[in-house]
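Enquirer: Residue strings, one per chain:
2 protein chains.
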Amino acid sequence: MDVVSSLSDLKTVRLSLDGTVGLVPTMGYLHEGHLSLVSRAKAENKNVIVSIFVNPTQFGANEDLSKYPRDLERDLNLLSSLFPPSSEQKLVVWTPSDEIMYPHGYQTWVEVEALTKVLEGSMRPGHFRGVTTIVAKLFNATQPDKAYFGQKDAQQVAVIRRMAVDLNFPLEVIVCPTQREADGLALSSRNKYLNEAERKAATVLFRSLSAAKELYEKGERDGENLRRKMKEVLEGEPLAQMQYVSCTDYDTLEELDVVKGKALLSMAVFLGKTRLIDNFILG
Amino acid sequence: MDVVSSLSDLKTVRLSLDGTVGLVPTMGYLHEGHLSLVSRAKAENKNVIVSIFVNPTQFGANEDLSKYPRDLERDLNLLSSLFPPSSEQKLVVWTPSDEIMYPHGYQTWVEVEALTKVLEGSMRPGHFRGVTTIVAKLFNATQPDKAYFGQKDAQQVAVIRRMAVDLNFPLEVIVCPTQREADGLALSSRNKYLNEAERKAATVLFRSLSAAKELYEKGERDGENLRRKMKEVLEGEPLAQMQYVSCTDYDTLEELDVVKGKALLSMAVFLGKTRLIDNFILG
Numbered sequence: 000m001d002v003v004s005s006l007s008d009l010k011t012v013r014l015s016l017d018g019t020v021g022l023v024p025t026m027g028y029l030h031e032g033h034l035s036l037v038s039r040a041k042a043e044n045k046n047v048i049v050s051i052f053v054n055p056t057q058f059g060a061n062e063d064l065s066k067y068p069r070d071l072e073r074d075l076n077l078l079s080s081l082f083p084p085s086s087e088q089k090l091v092v093w094t095p096s097d098e099i100m101y102p103h104g105y106q107t108w109v110e111v112e113a114l115t116k117v118l119e120g121s122m123r124p125g126h127f128r129g130v131t132t133i134v135a136k137l138f139n140a141t142q143p144d145k146a147y148f149g150q151k152d153a154q155q156v157a158v159i160r161r162m163a164v165d166l167n168f169p170l171e172v173i174v175c176p177t178q179r180e181a182d183g184l185a186l187s188s189r190n191k192y193l194n195e196a197e198r199k200a201a202t203v204l205f206r207s208l209s210a211a212k213e214l215y216e217k218g219e220r221d222g223e224n225l226r227r228k229m230k231e232v233l234e235g236e237p238l239a240q241m242q243y244v245s246c247t248d249y250d251t252l253e254e255l256d257v258v259k260g261k262a263l264l265s266m267a268v269f270l271g272k273t274r275l276i277d278n279f280i281l282g
Numbered sequence: 000m001d002v003v004s005s006l007s008d009l010k011t012v013r014l015s016l017d018g019t020v021g022l023v024p025t026m027g028y029l030h031e032g033h034l035s036l037v038s039r040a041k042a043e044n045k046n047v048i049v050s051i052f053v054n055p056t057q058f059g060a061n062e063d064l065s066k067y068p069r070d071l072e073r074d075l076n077l078l079s080s081l082f083p084p085s086s087e088q089k090l091v092v093w094t095p096s097d098e099i100m101y102p103h104g105y106q107t108w109v110e111v112e113a114l115t116k117v118l119e120g121s122m123r124p125g126h127f128r129g130v131t132t133i134v135a136k137l138f139n140a141t142q143p144d145k146a147y148f149g150q151k152d153a154q155q156v157a158v159i160r161r162m163a164v165d166l167n168f169p170l171e172v173i174v175c176p177t178q179r180e181a182d183g184l185a186l187s188s189r190n191k192y193l194n195e196a197e198r199k200a201a202t203v204l205f206r207s208l209s210a211a212k213e214l215y216e217k218g219e220r221d222g223e224n225l226r227r228k229m230k231e232v233l234e235g236e237p238l239a240q241m242q243y244v245s246c247t248d249y250d251t252l253e254e255l256d257v258v259k260g261k262a263l264l265s266m267a268v269f270l271g272k273t274r275l276i277d278n279f280i281l282g
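Protein chains in written order, with numbering that gives the first Met the number 0: chain A, 0 to 282; chain B, 0 to 282.
What the hints contain is simulated information worked out from the structure, not anything from laboratory work. In this text, a Cβ means the ideal position worked out from N, Cα and C, and glycines have one as well. Mixed in with the good hints, there may be bad ones.
Unchecked claim - Distance condition first, Cα-Cα at most 30 Å in a straight line; then the derived DSBU-like pairs of lysine-lysine:
1) A:145 / B:145
2) A:45 / B:217
3) A:89 / B:41
4) B:116 / A:145
5) B:45 / A:45
6) B:259 / A:10
Stated by the list, open to error - A few chain B residues that face chain A, going by a derived Cβ cut-off under 8 Å, partial list only:
7) 0
8) 3
9) 4
10) 108
11) 109
12) 112
13) 117
14) 121
15) 122
16) 125
17) 161
18) 167
19) 168
20) 169
21) 175
22) 176
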């Protein structure tokens, strides 16, 4: 395992890599969700690059940048256990600083339009501009053959897939299934903010999505009925405060009256001060 | 010489190239200025890719997109003469269509901020967003080691250099000197719009820049005095209508009170309906 920070060290180690490269972009504080992406990247590539960077430009002014959890030593231990010294595959961990990614005079932004105006984008202005900009930078700096993202962040996945096609990035975007606790809660670095009661209540996202999916599997295709079902379940949990529920086309993220083809059920819910998101794919 | 249009053909031919690749992005209707970029790319790389694409997103609503000159057959003849069949170097010409570059649903833009708000950017809203977006796409699709641009478009060069650094593109931006007619007029595809009287008058840009440079070489460092000298010369030419003259820092394009280090004299001037730009570097 090589750990590098500067762009010049990254460039040197990137040039030394023979064969395919899989990139797993992360903000650190790794959990099983991240590790499943790393394992998938390892299975599909000769080399794996994991970036660890808490990207300031994707946090809004009122969001949790300063208290976002960080523990590099723990992250490196988790990653090195996946790449024991005997491994013939190479792992590079890139841990740039804010000054490396956004030096004095920085002024370039990558923006995806329509897809970023809805759902998370409508609640978090500027968030996706930060995401697409940093991901474009990571793609260019690491030159991967494949890049791995979790379905947990469904809109992020849709936006990045669009960006990669629109800007002709010569790589494949691979979307991996959401990893969950035994009771259904989607893994997230933000789960650590939940107190005991909130943690129990947080299964309501999974229960709400499951109820709507069950309706769908029984033949329901009315988007409004599916959204209503998700709301009903959320309203049954006193500690949960719904921000939105949604039933959209999978690619365009346009809200659906009638579900046809691949669709996305998604939601954002506050448990106390902690904002959680989750989603299911239909069809 | 390989001529390809589709992205998949480009990808196939790009994968077949061994060794370094130099990219020369053009809008076609090639003149000696373009050919000097191609020659420089040929001297510095094993392979050369020339893109020919009149990029609609960098033209304003009132600009000359529909009448922009095009002559692909002539362009290909000029290029093939630089790469005779006996050449050991390979030339790829990429001629994508509007539909290939901006397919249905396209919605991603690359934007450089402060540098694009002044000079040409202030006169041509949206122009540089179109330029940076298409250049990012060309960089990604062709994966060059070096990319060649002419100093003639001084602000474009400053903006693209900034974008390449900010977005971590793994390539070198090479800036080549402006090519000129014997009487000093900078080569431009738009020169063909000039009638005989306008063509004669068009040397006024070169004369104006030369007069200011002469002052500079005599020791003048006051930015306003250099701008005044350029204006004076332009005002002596009845067929010329000045749009702006400028004396800025070379990198930041900030207008200078006092010239220190590398600076840029630049201007935009109408000859009849034809808008010409030109510039000199100081220091």
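Enquirer: Check the structure against each numbered hint from earlier and tell me which ones fail, lowest number first.
Expert: Violated: hints 2, 3, 4, 6, 7, 8, 9, 13, 14, 15, 16, 21, 22.
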